[in-house]
Amino acid sequence: MPKEFNTAAFEYAPAPESRSVVDIAPSYGLFIDGEFVEAADGKVFKTVSPSTEEVLSEVAQAGAADVDRAVKAARRAFEKWSALPGSERAKYLFRIARIIQERSRELAVLETLDNGKPIKETRDADLPLVAAHFFYYAGWADKLSHAGYGSDPKPLGVAGQVIPWNFPLLMLAWKIAPALATGNTVVLKPAETTPLSALFFADICRQAGLPKGVVNILPGYGDAGAALTEHPDVNKVAFTGSTAVGKAIARQVAGTHKKVTLELGGKGANIVFDDAPIDQAVEGIVTGIFFNQGQVCCAGSRLLVQESIQDEVLDALKRRLSTLRLGDPLDKNTDIGAINSAEQLARITALAETGEAEGAERWSPECELPTSGYWFRPTLFTGVTQAHTVARDEIFGPVLSVLSFRTPEEAVAKANNSQYGLSAGIWTEKGSRILAVAGKLRAGVVWANTFNKFDPTSPFGGYKESGYGREGGRHGLEAYLDV
Amino acid sequence: MSERLSVFKTYKLYVGGKFPRSESGRVYEVTDSKSNWLANAPLSSRKDARDAVVAARKAFGGWSNATAYNRGQILYRIAEMLEGRKDQFVREVSEAEGLSKSKAAVVVDAAIDRWVWYAGWTDKIAQLAGGANPVAGPFFNLSTPEPTGVVTVVAPQESSFLGLISVIAPVIATGNTAVVVASEKSPLPALSLGEVLATSDLPGGVVNILSGKTAEITPSLASHQDVNAIDLTGADTDLARDLEIAAADNLKRVYRPRPVDFTADPGTHRLTAFLETKTVWHPTGSLGASGSSY
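Line by line, the protein sequences are chains A and B.
Going by the UniProt record's numbering, the first sequence opens with residue 1, and the numbers climb by one from there.
Going by the UniProt record's numbering, the second sequence opens with residue 1, and the numbers climb by one from there.
Honestly, I wouldn't trust all of these hints.
Said to hold, decoys possible - In silico DMTMM-like cross-links for lysine to aspartate or glutamate, where the CA-CA straight-line distance does not exceed 25 Å:
hint	chain 1	residue 1	chain 2	residue 2
1	B	K103	A	E88
2	B	K86	A	E102
3	B	K278	A	D455
4	A	K154	B	D113
5	A	K80	B	D113
6	A	K80	B	D109
7	B	K278	A	E102
8	A	K80	B	E146
9	A	K154	B	D265
10	B	K101	A	E88
11	B	K86	A	E88
12	A	K212	B	D113
13	A	K453	B	E146
14	B	K47	B	D226
Bear in mind the hints are in silico, worked out from the structure with no lab data behind them.
Isolated chain B (complex conformation) (with noise of 0.2 Å):
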C-alpha cells in the first residue's frame, strides 16, 4: 500500500475577517532555511493593501466601544485557540526559522503567553496611562488613553512568530485596528495566525494581514491618509527613513524600528505608542467650606 499523498493548504491573505487571494492573482514562493519549497504566499499589490486599510477603519468604531474587559476576553480566546493549534505552529515556525522542533516549542509557548500578558492589560492601561490631574483651580480634570484609529504594523522579518504577536497584540489591545505586512520571507505563521483570529471572537477587519513584498506594499501604506500610526518594526534602515517621511505627510504615529530581544520582557512602549490622551475639563462648582468638617 502506498504512502497517503498529503492534502497543502493555500495560503490566503486574511482582510475584514475572509480569506482572500491577492486582487492582483500574483503568488510568491516560500522556502525553508534549507530553500526547500514550502507554499505559494499571496504577493500582495498596493490595491489590496488599500483594501486592509478599508477593513480596518470600518472596524475601528465597535471595537474601540467594546469594553476593556470585553477586548480583554476576546485576546485571551485567541490564546487558548492557539494552545489548540499548537503542533502546527511549532512545524510552520521550524520551518521558518530553521529551528529544532523543541526550540520552535518554545518560541510558540511565549508566543501564546504574549496573549496572555497582552490580554491583562486591556483594562489595565487606562489607570497607567491616565488619571485625574490636581489643577490649581475648581475643576475636574481627568486625562484618559485612546486609541490612535488604524495602525500599519510592518512585522519584524525574522521573529516570525513570536516578534510578529509581540507586535500585534499591543496594538488592537488597547483598541486599535491593524494592517500587518507579515515577514517578507517567511509569511506562513502569519497566514497561519489570520485563522486562529477568524475564529476567536475577534471581529472581521480588527486585525488584516498581509504578504508579499515589504518594500512593495509598506509605501502606500505609510503615505495612505486614512492610516493613523505606522510600527516600522520590520523595516530596515533605508526603508525606514522612507517610511517614515512619507507618514509625516498626515503626521502618523511612528514606531521606529529598535533592536528588540522579543523573549524579554516587553514593557508598555508598544501599547502606549498607539494611545491619545484625552483631557476633559468640568467646573466644580462651589459649596462654601460646610461639609467639610466632618
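With the rest of the complex left out, here is chain A (with noise of 0.2 Å):
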C-alpha cells in the first residue's frame, strides 16, 4: 500500500456492546400453531457466529412433513384473521412494532451475533427500520378501502415466504407487516445461517398475544424453501434470495393460481459526474458496497465514475477505505463485519480471483484479518471493462469494480448493461441531469446524492432480472391482496 494511505491517525480503544442483553437458548424448536415444536424427523442444525465460528444455538431443521404441518396451523388461523376488522388487525401489529423497540438493543446484538454485520447497523439501521415497517403496515390494516385496490380488498390466504441472511429481521419485516396487514397468515422460512432472530420473533409474536399460527416460522434450507412455495395450499410465494432461486420458483409456480412477487440479485451502478461533489459521492460510494460487506441485493456494485475525474475520486475512495475499520462486529466503532458464512466467504474469494484472472487490477487497504471467522478485505477492481465477470456477475461482498465513462449517454449505456435493475446512484450537482438520468435508468430505485436509503413508505423492488413486485409502501399492499 502506498505510504500516503496510511492515515489511520490512531487506534481506538475496545468498545464492544455487551452480549449479556441478549439470552440465546442452546437449542430452539420450529414455531408451528404458535408452539415450539421439534421437526418431524427430528433434524437439527447448529447456527454460529461468523465472526468467531462459535455454536450459538442449535435449531429445528424443517422439512416438507414440517412444512405441510405449518401450511395446515396458517390455514386453520386464516378464517379467523382474515374476518377480523382491519383496526383489530391494526392494533396487533401496533403491539408488535412496540414490542421490537422495546427490545430492539437485544435483538440487534442478536442479528450481529448470528449475521457477523457490525452493531453500528444493527442498531442503527436494521432494527430502527424494523420496527418502522410494522409500525406503517399496522396504519393500512384498517384502510385497505383508501388503498387504490377497491372498495373491500380480500387477502390471498396462506402466504409461504422465503428470506436471505442479509438482513434477516427486515427482510422478516418486509414480508410480515403487509402480509399480516391485509389479512393473510404466513408460513416465514429464514436463512439456514441466520434462523435466530426469526424465532426470537415467534416470541414477540406471544408476547402480542398474536392468535396462534398466523405466524409459522420454520428455520431450515433450501429444500423446506423448496416444499414451502411448491406446497398446493399456499397461496401467494414471497422470495427474497438468489435469481437462480427466483427463476426457479418463477418455473414451479407455473399454471398454479399462486401470486409471487421475487426480490433478487442486483449489480447496481453508481455513476459519479464531474461536478458531483467528491468528498460526498466518496462516502456514498463506501456506503453503496461496503454497507453490510457488500452482501446487499441493492448494492453499488459498480462504480460508473466520469473519466476526467476518475483519478481524483479513486484517490479519495482509497484514502476513505484505508480508515475503515475491520473487526469485531459488536464493537461500536467496527465499520466492516464478518462475512456471513464460509460458503459466502469461497464465493467471493473466487469472483475476486477471476477478476484478477481477467486482468482487472485489485486494491485492498492493508488491515489486519481476525484469525477466526469468515473475513474479506474492502476491495477495488481498476481497469474493468464491462465484459468482465466482476462488471457482471452479482458477487455479494466487499468488491467495487470500477468502470469509467464520458458522457451521460454513455453512463446510462454501461449502468443498463445488466441482466438485474434493482439500484442506481447518480452523483451530480445538476438536478435536470438527475431527472434525464434517472428517467432512462431500468432499475427500480435511483439515488440521487444519496444510497442505500430506505423507508417504510418507499416502494422497493427491481426491473428485469432483479425479480417483480415491490415491497414497501402503498405499493407493497398490492403483493398480498386478491387484486
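Assemble the dimeric complex from its two separately framed chains, guided by the hints.
Laid out in C-alpha cells, this is it:
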C-alpha cells in the first residue's frame, strides 16, 4: 500500500456492546401453530457466529412434513384472522412494532452475533427499520379501502415466504408486516445461517398475543424453502434471494394461481459525474458497496465515474477505505464486520480471483484480519471492462468494480448493460441531469446524491432479472391482496 | 369510622403545554345531565383565545417539520396513555352525556381506537393526496400535501369525547396545530384530555384546549389574522354563518358543520380539509434516445 494512504491516525480502544442483553437458548424448535416443536424427522442444525465460528445454538431443521403441518396451521388460522376488523389486526401489528422497539437492543446484538454485521448497522439501521415497517403497515390494516385497490380488497390466504441472511429480521418485517395487515397468514422460512432473530420474533408474537397459527416460522435449508413455495395450499409466494432460485420458483408456480413477488440479485451502478461533490460522493460509494460487507442486493457494486475525475475520485476513495475499521462486529467502532458464512466467503474469494485472472487490477487497504471467522478485505477492481466477470456477476461481498465513462449517454448505456435492474446511484449537482439520467435507468430504485436509503413508505423492487413486485409503501399492499 | 372525603380536581385550560386558569379569573358551573354540580370550568376570555393562538403558532414549525412517522408514533402514544386512564374517561363521559357506564365504555373504546386510526394516517395521506403529475413536457412535477397552519376547532357540543377526538386527531395528524374550543355544556372530558396529551410526548402548543361560552370565544378566533383554518363542527347554524363571514377576512379554510355520526368510519375528508397542495416543477433535461432500449 502506498505510504500516503496510511492515514489511520490513531487506534481506538475496544468498545464492545454487551452480549448480556441477549439470552440465546442452547436449542430452538420450529414455531408452528403458536408452539415451539421439534422437526418431524428430529433433524437439527447448528447456527454459528460468523465472526468467531462459535456455535450459538442448535435449531430444529424443517422438512417437507413440517412445511405441511405449518401450512395447515396457517390455513386454519386464516379464517378468523382475515375476518377480524382491520382495526383489530392493526392493533396487533402496533403491539408488535412497540415490542420490537422495546427489545431492539437485544435484537440488534442477536442479529450481529448470528449474521456478523456491525452492531452500528443492526442498532442504527436494521432494527429501527424493522419497527418502522410494522408500525407503517399496522396503519394500513384498517385503511385498505383507501389504498386504491378497490372498496373492499381481500387477502390471498396463506403466504409462503422465504428470506435471505443479509438482513434477517428486516426481510422478515418486509414480508410479514404487509401480509398480516392485509389479512393473510404466513409460513416463513429464514435462512439456514441466520435463523435466530426470526425465532425471537416468534416470541414477540407470543408477547403480543397474536392468535396461534397466524405466523409460523420454519428454520431450514433450501429443500424446506422449495417445499414451502411448491405446497399446493399456499396462495402467495414471496421470495428474497438469488436470481437462480427466483427463476426456479417462477417455473415451479407456472400453471398455478399463486401470486408471486421476487426480490433478487443486483449489480447496481453508482454513477459519479464530474460536477459531483467528491467528498460526499466518496462517502456514498463507500456506503453503497461496503454497507453490510456488500452483502446487499441493491449494493452499488459498479462504480461508473466520469473519466475527467477518475483519478481524483479513486485517490479519495482509497484514502477513505484505509480508514475503515474491520473487526469485531460487536465493537461500536467497527465499520466492516464478518462475511456471513464460509460458503459465501468462498464465493466472494473465487469471483475476486476471477477478476484478477481476467486482467482487472485488484487493490485493498492494508488491514489485519481476525484469525477466526469469515473475513474479506474491502476490495477495489480498476481497469474493469463491461465484459469482465466482476462487472457482470453479482459478487455479494465488499468488492467494487470501477469503470469510467465520458458522456451521460455512455453512463446510462453502461449502467443499463446488465441482466439486473434493482438500484442505481447518481452523483451530480445538476438537478436536470439527475432527472434525465434517472428517467433512462432501468432500475427500480434510483438514489440521487445519496445511497442505500430505505423507508417503509417507499416501494422497493427491481426491473429485469432483479425480480418483480414491490415491497414497501402503498405499492407493497398489492402483493398480498387479491387484486 | 367516617367515609373518606374525596379530593376534587381543579379543571384548568391546556395552553402551550401548561395548565393555566383563565386569565379572566372566571369559572362557570358544569353539571351532569340531571343538573347535579360536577365542577367549575374555566370561562375562557378572548385573551385566553389569543394566547392559545400564539402557543399554537409557536408549536407549528416543529410539529409540521416532524417526520410523519414521528407524528404517528406520538398519536399512537396518546392512545396508549388513554387506555391506561379509561376508567376516568368512562366516568366523565357517563356523567357528561348521561350514558350508562357500559355505554360510556363503548364510546371511550371507540375514541381510543380513533387515535390509532389517525396515528396510521400520518405517513399515508401524502401518497393518497399527492403524487407525480404526468405533465406534457420534459418536467418532473410532484404535488405534495402540507399542513395549512393553525386550525381553530369548534368541538361538537353533544359528543364530548368521541366527537372531540374525532375533530382534533385529523387536524394534528397532518402537521397542523390546533386551538380547540370544548363543548360548552360538557367540557370536562376535553380538559382531562389535556392531561393525557401533556404526558404523551406531544409537544406543548400542538393542541390547546379552551372551555367557556362558544359564542364568546369563537368570534375572536374566527377573525384572528394568525389562524389559517376553522372547523365549525360545534357551532350552531347562525353562529357558523357569522364565523364563516369573519373567517373570510383572511380567507381561512372553513370546514362547515354537517350532520355526523361519530361512530361511523370517519373517512379522509377531515384530514384533507386542512391541507395545502404544493406542486414542484423541475426540468428533466434530455439525454436523447440512448439508454432506453434495454
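Violations among the numbered hints, reported as their numbers in ascending order: 7 and 8
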